[in-house]
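Chemist: One-letter residues, chain by chain:
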Amino acid sequence: MHEWALAEAVISTVSQIAEKEDLKEVAEVKIKVGELQQIELDILEFALSQLKTSKLKNVKFHIKTVKAELKCRVCGCKWIFRKEKINEEVAEAIHFIPEIAHTYIKCPKCGSPDFEIVKGRGIWLESVRGLR
Amino acid sequence: MGDPRIGIIEERLKGVNRIVAVSSGKGGVGKSLIASTLALTLARRGYEVGLFDLDFTSPSTHVILGVEGLQPREEKGIIPPQVYGLKYMSIVYYSGEYVSPLRGADVSNALIELLAITRWDNLDFLIVDMPPGISDATLDVIRLVKRIEFVVITTPSRLAFETVRKLISLLSELGIPIMGVIENMKMKESRFIQQQIEGRGIKFWGDIPFDTELEEAIGDVNKLLATQFSKKLGEIEKLKA
Chain A
0 MHEWALAEAV ISTVSQIAEK EDLKEVAEVK IKVGELQQIE LDILEFALSQ LKTSKLKNVK
60 FHIKTVKAEL KCRVCGCKWI FRKEKINEEV AEAIHFIPEI AHTYIKCPKC GSPDFEIVKG
120 RGIWLESVRG LR
Chain B
0 MGDPRIGIIE ERLKGVNRIV AVSSGKGGVG KSLIASTLAL TLARRGYEVG LFDLDFTSPS
60 THVILGVEGL QPREEKGIIP PQVYGLKYMS IVYYSGEYVS PLRGADVSNA LIELLAITRW
120 DNLDFLIVDM PPGISDATLD VIRLVKRIEF VVITTPSRLA FETVRKLISL LSELGIPIMG
180 VIENMKMKES RFIQQQIEGR GIKFWGDIPF DTELEEAIGD VNKLLATQFS KKLGEIEKLK
240 A
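As you go down the protein sequences, you meet chains A and B in turn.
Each residue of the first sequence is one higher than the last, beginning at 0 in numbering that gives the first Met the number 0.
Each residue of the second sequence is one higher than the last, beginning at 0 in numbering that gives the first Met the number 0.
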């Protein structure tokens, strides 16, 4: 239920943006979810729907998943994270803290743990639109 | 547009009365031992206390406390397990015995994640064991935790103090409260550190003699609290307030 905590973060941040932008109602929120964190979209969507405040009562959440692209800082090798290649315990650790990937995942070419998470790490707010 | 996790951090910490970073410019001055002992001492005095190990690449408080085989509970986030009366959070729940080689940006991201999802609920004190120096974790804690206060640890060594002096300068320039400075591992009488600290208008909390028995107490909380080190730390008047 880590998704619930992230949904709370989304709702809280969207509410802060709505306040700052003087929006009467929030109409659309676009969210990107990186595959490295393996967020369960059903749970995230359910939590978002349950946590909606009055300003968000008619909001549409658009959630787009992004493949997790990793790039080795030593040899430059680029690869895509695949959950199927790691065991359940490691997958869960990465789910809670995606940076734990550096503990368990190595560059497939040179074996270095020194890689960059180029994209697809975790949750990201893409845009918030509403009515003034 | 933005990282939604940052917007929830203050909410997560709203039930925490005081957030205290135990910090130093140098490694090896006893931050983790002081942070752990400080947390345990406050808990034994009846306060609700959390201990958060923020030294992600070199965590050690789990060794000091002798913590093994525990996992946080998942409930709309993560709830730190109770360890000797403390709510205790560390990256080792996830990294286990393996190394976590993290660059600065990764440290920041992991820190934001844990601040955004950890549910501390109500605490009198959250003691934060900081990594040494003035890099990402220190700057992020200052940026993200608005009510942070620092306890700064030095040793009598001028080498340690040279780095502590810079940490104090940074915190003072940014208007971050420094509760006090502790001089750890004192081996002979000298007022050099005290004079330097008080000369900067900062509270000198006292000194703790080098304790040759301390190493034997690592991993055993009762032994740790019976050491001269812990007794001396517990005598610091400011802790009693």
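In short, the hints are calculated from the structure, not lab data.
Please read these numbers as outputs of a predicted model, since none were measured by experiment.
Mixed in with the good hints there might be a few duds.
Stated by the list, open to error - Pairs of lysine-lysine, BS3-like flavour, derived with a Cα cap of 30 Å:
(1) A:K54 to B:K75
(2) B:K75 to A:K118
(3) A:K63 to A:K84
(4) B:K237 to A:K59
(5) A:K54 to B:K145
Chemist: Hints first: check each against the structure and report whether it holds.
Modeler: Tested hints:
Between the alpha carbons of K54 of chain A and K75 of chain B the distance comes to roughly 23 Å, so the proposed pair stays at or under 30 Å and holds. Between K75 of chain B and K118 of chain A the alpha-carbon distance is near 26 Å, which keeps this suggested pair within the 30 Å criterion. Restraint check for K63 of chain A and K84 of chain A: the C-alpha separation of about 23 Å stays at or below 30 Å, so the hint holds. Restraint check: the Cα-Cα separation between K237 of chain B and K59 of chain A comes to about 52 Å, which exceeds 30 Å; the hinted pair is violated.
For the suggested pair K54 of chain A and K145 of chain B, the alpha carbons sit about 27 Å apart, so the restraint of at most 30 Å is met.
In summary, the structure is inconsistent with hint 4 from the numbered list given earlier, while agreeing with all the others.
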